[in-house]
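There are 2 protein chains.
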Amino acid sequence: MRFDVLILGSSSATPIYGRHPTAQLINVNEQLYLVDCGEGTQVQLIKYGVRSNRIKHIFISHLHGDHYLGLIGLISSMHLVGRKDELHIYGPPGLKEIIELHFLHSQTELRYSLYIHTTQDSTNNVVLENENLRVSTFPLSHRIACTGFRFDENKRLPAIDREKVTTIGIPTALLPLIKRGHDYTAPDGTVYRWQELTIAPAPPRSYAYCSDTVKTSSYLPYIQQVDLLYHEATFLDEMRDRAAATYHTTALQAAEIAAEVGAKKLLIGHYSARYKDLKPLLHESKSVFGATQLALEGKWYSI
Amino acid sequence: MRFDVLILGSSSATPIYGRHPTAQLINVNEQLYLVDCGEGTQVQLIKYGVRSNRIKHIFISHLHGDHYLGLIGLISSMHLVGRKDELHIYGPPGLKEIIELHFLHSQTELRYSLYIHTTQDSTNNVVLENENLRVSTFPLSHRIACTGFRFDENKRLPAIDREKVTTIGIPTALLPLIKRGHDYTAPDGTVYRWQELTIAPAPPRSYAYCSDTVKTSSYLPYIQQVDLLYHEATFLDEMRDRAAATYHTTALQAAEIAAEVGAKKLLIGHYSARYKDLKPLLHESKSVFGATQLALEGKWYSI
Numbered sequence: 001m002r003f004d005v006l007i008l009g010s011s012s013a014t015p016i017y018g019r020h021p022t023a024q025l026i027n028v029n030e031q032l033y034l035v036d037c038g039e040g041t042q043v044q045l046i047k048y049g050v051r052s053n054r055i056k057h058i059f060i061s062h063l064h065g066d067h068y069l070g071l072i073g074l075i076s077s078m079h080l081v082g083r084k085d086e087l088h089i090y091g092p093p094g095l096k097e098i099i100e101l102h103f104l105h106s107q108t109e110l111r112y113s114l115y116i117h118t119t120q121d122s123t124n125n126v127v128l129e130n131e132n133l134r135v136s137t138f139p140l141s142h143r144i145a146c147t148g149f150r151f152d153e154n155k156r157l158p159a160i161d162r163e164k165v166t167t168i169g170i171p172t173a174l175l176p177l178i179k180r181g182h183d184y185t186a187p188d189g190t191v192y193r194w195q196e197l198t199i200a201p202a203p204p205r206s207y208a209y210c211s212d213t214v215k216t217s218s219y220l221p222y223i224q225q226v227d228l229l230y231h232e233a234t235f236l237d238e239m240r241d242r243a244a245a246t247y248h249t250t251a252l253q254a255a256e257i258a259a260e261v262g263a264k265k266l267l268i269g270h271y272s273a274r275y276k277d278l279k280p281l282l283h284e285s286k287s288v289f290g291a292t293q294l295a296l297e298g299k300w301y302s303i
Numbered sequence: 001m002r003f004d005v006l007i008l009g010s011s012s013a014t015p016i017y018g019r020h021p022t023a024q025l026i027n028v029n030e031q032l033y034l035v036d037c038g039e040g041t042q043v044q045l046i047k048y049g050v051r052s053n054r055i056k057h058i059f060i061s062h063l064h065g066d067h068y069l070g071l072i073g074l075i076s077s078m079h080l081v082g083r084k085d086e087l088h089i090y091g092p093p094g095l096k097e098i099i100e101l102h103f104l105h106s107q108t109e110l111r112y113s114l115y116i117h118t119t120q121d122s123t124n125n126v127v128l129e130n131e132n133l134r135v136s137t138f139p140l141s142h143r144i145a146c147t148g149f150r151f152d153e154n155k156r157l158p159a160i161d162r163e164k165v166t167t168i169g170i171p172t173a174l175l176p177l178i179k180r181g182h183d184y185t186a187p188d189g190t191v192y193r194w195q196e197l198t199i200a201p202a203p204p205r206s207y208a209y210c211s212d213t214v215k216t217s218s219y220l221p222y223i224q225q226v227d228l229l230y231h232e233a234t235f236l237d238e239m240r241d242r243a244a245a246t247y248h249t250t251a252l253q254a255a256e257i258a259a260e261v262g263a264k265k266l267l268i269g270h271y272s273a274r275y276k277d278l279k280p281l282l283h284e285s286k287s288v289f290g291a292t293q294l295a296l297e298g299k300w301y302s303i
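Those protein sequences? They're chains A and B, same order as listed.
Everything in the first sequence is counted per the working numbering, starting at 1 for the first residue and increasing by one.
Everything in the second sequence is counted per the working numbering, starting at 1 for the first residue and increasing by one.
Possibly wrong hints are sitting among the right ones.
Given that identical chains are not distinguished, each listed pair holds provided it fits within a single copy or across any two copies.
Okay, derived cross-link-like pairs now, DSS-like style, lysine-lysine, Cα gap no bigger than 27 Å in a straight line [unchecked claim]:
# : residue 1 : residue 2
1 : Lys-84    : Lys-276
2 : Lys-96    : Lys-84
3 : Lys-299   : Lys-96
4 : Lys-47    : Lys-279
5 : Lys-47    : Lys-299
6 : Lys-276   : Lys-47
Hints were generated in silico from the structure; no laboratory data involved.
Go ahead and model the full structure; you've got the sequences and the hints to work with.
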């Protein structure tokens, strides 16, 4: 099953050097989810060949412009190109009011159903569950209300060990039960445990998105053991004070967090406009957490 | 004196083929004015080497997203890069409320003074006058309240005919008076009319911006005799009905308008996403009004 993330925007508040404000597209089993939607996201989607009407769910972390100012344009364009499917947006208090005010003044009546779900930065909440995954919010620590998002792949059923069930001669009709944990008793009374008749599935994968936040221990419980951690790394550690003052993180701190929570891989982004060259951020993070990659626009990262 | 317009965005509502939503930069004697501010305008300004903090006045025609969704991002970035100069925005009712709601939720307190002036689409009003020009709004006819903008260069004083005043021996101290229309009486009683001592200035130039609107006669009085008319030309004339239904104009109609008002030159833009190739729009307009040019992003047009 596919579980990948495409970086659409990697800059912090000021777009520069061809970098755009934050947005990411997540593909889980060919279903598309958008996380944050900075200004210009609809153009980035076109650039990277993504049909925006395939997106059914959009998650907004907080109401700083570089994380959501592309939203009204995107949902308006979806309307203009004839979208019929419903769209769900998950975002902080205030987002609904902002969207409604825009559409009031533009006199836009969307041709599709738009559902705006208000998130809370005080708790850890599951906001979406479907056949593929579970998405939950968790509180980050930023200047204004801000949540992270964790994407957990559903636990998959084991696969049937075809060779073994054929040898034993188990009726096909019973295989779905065996996959779900029922043992098999043969006509001669022999009991075959379901575990020996199946092949264990790959463990479910997880992705956590943390932008924007100062480094604190408060959100670490929610991102334990993720396969891929996206964490903002706005500054180099020599600017640690500035990072704290602006409720942001340094590349070194992002690496420390990845190590502390036992993440398998780390993806850093949300780069300050002061860094034209990103290599120093990568090197700093790798000095603490080797499996770091830079979030680069247009690149897919496998989870 | 410089009086030029730079196209930053040429598309209608859906950005495509590398075209961006509407925005234009006007340079009048090295002072910069922005007209409309579609999503991504701040990135377009960077691309074309314009320091956004040189802009002191922004004019917004109406509250369809493709004409103003880049505004919050732009004025936020001005704040982030340390702007101190005041900024004036002229736009329709509702714009102030939208901007204030964004900044309420992002908890942004601008470090510079922002003045939002509400325009009315029911009248023709001068909204700005300074040493170089006069800007007035006039009502267009769109689905929602929408104004055009007319930029009129101030009448310039004549230049002194240096050769003549030297030959006659007119004291330098009197030259400013002569420029302003005072005759000169020589010691021998000869009267020299100021007209014979000066060289007439070039007539003041004018630029009119019409986007978005259906073709009507109601706004023609306000754009008479302009040197350069920018007029939207969303569709080819074969889609005249669709243009009328959506309160837009065809390339042919834009040309008819340019001819009717006696414009010297016509610039067409706001192209529908259905036209990858713009040549048919240009040819159609030129068939009626020869001095037509396509608005192309990144190109400066002299007024």
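**OP:** State whether the alpha carbon distance between Lys-299 and Lys-96 is at most 27 Å within one copy, between copies, both, or neither.
**Re:** neither (31 Å within a copy, 38 Å between copies)
**OP:** Could you place Lys-84 and Lys-276 in one of the four classes (within, between, both, neither) given a Cα distance threshold of 27 Å?
**Re:** between (41 Å within a copy, 25 Å between copies)
**OP:** With 27 Å as the alpha-carbon cut-off, assign the pair Lys-96 and Lys-84 to within, between, both or neither.
**Re:** within (20 Å within a copy, 32 Å between copies)
Subject >> Intra- versus inter-copy proximity for Lys-299 and Lys-47 (alpha-carbon distance at most 27 Å) >> reply: Both: 12 Å inside a chain and 22 Å across chains, each within 27 Å.
**OP:** With 27 Å as the alpha-carbon cut-off, assign the pair Lys-276 and Lys-47 to within, between, both or neither.
**Re:** both (22 Å within a copy, 15 Å between copies)
Original post:
27 Å Cα cut-off: does Lys-47 pair with Lys-279 within a copy, between copies, both or neither?
Top reply: both (25 Å within a copy, 23 Å between copies)
The structure is inconsistent with hint 3 alone, although it conforms to all the rest.
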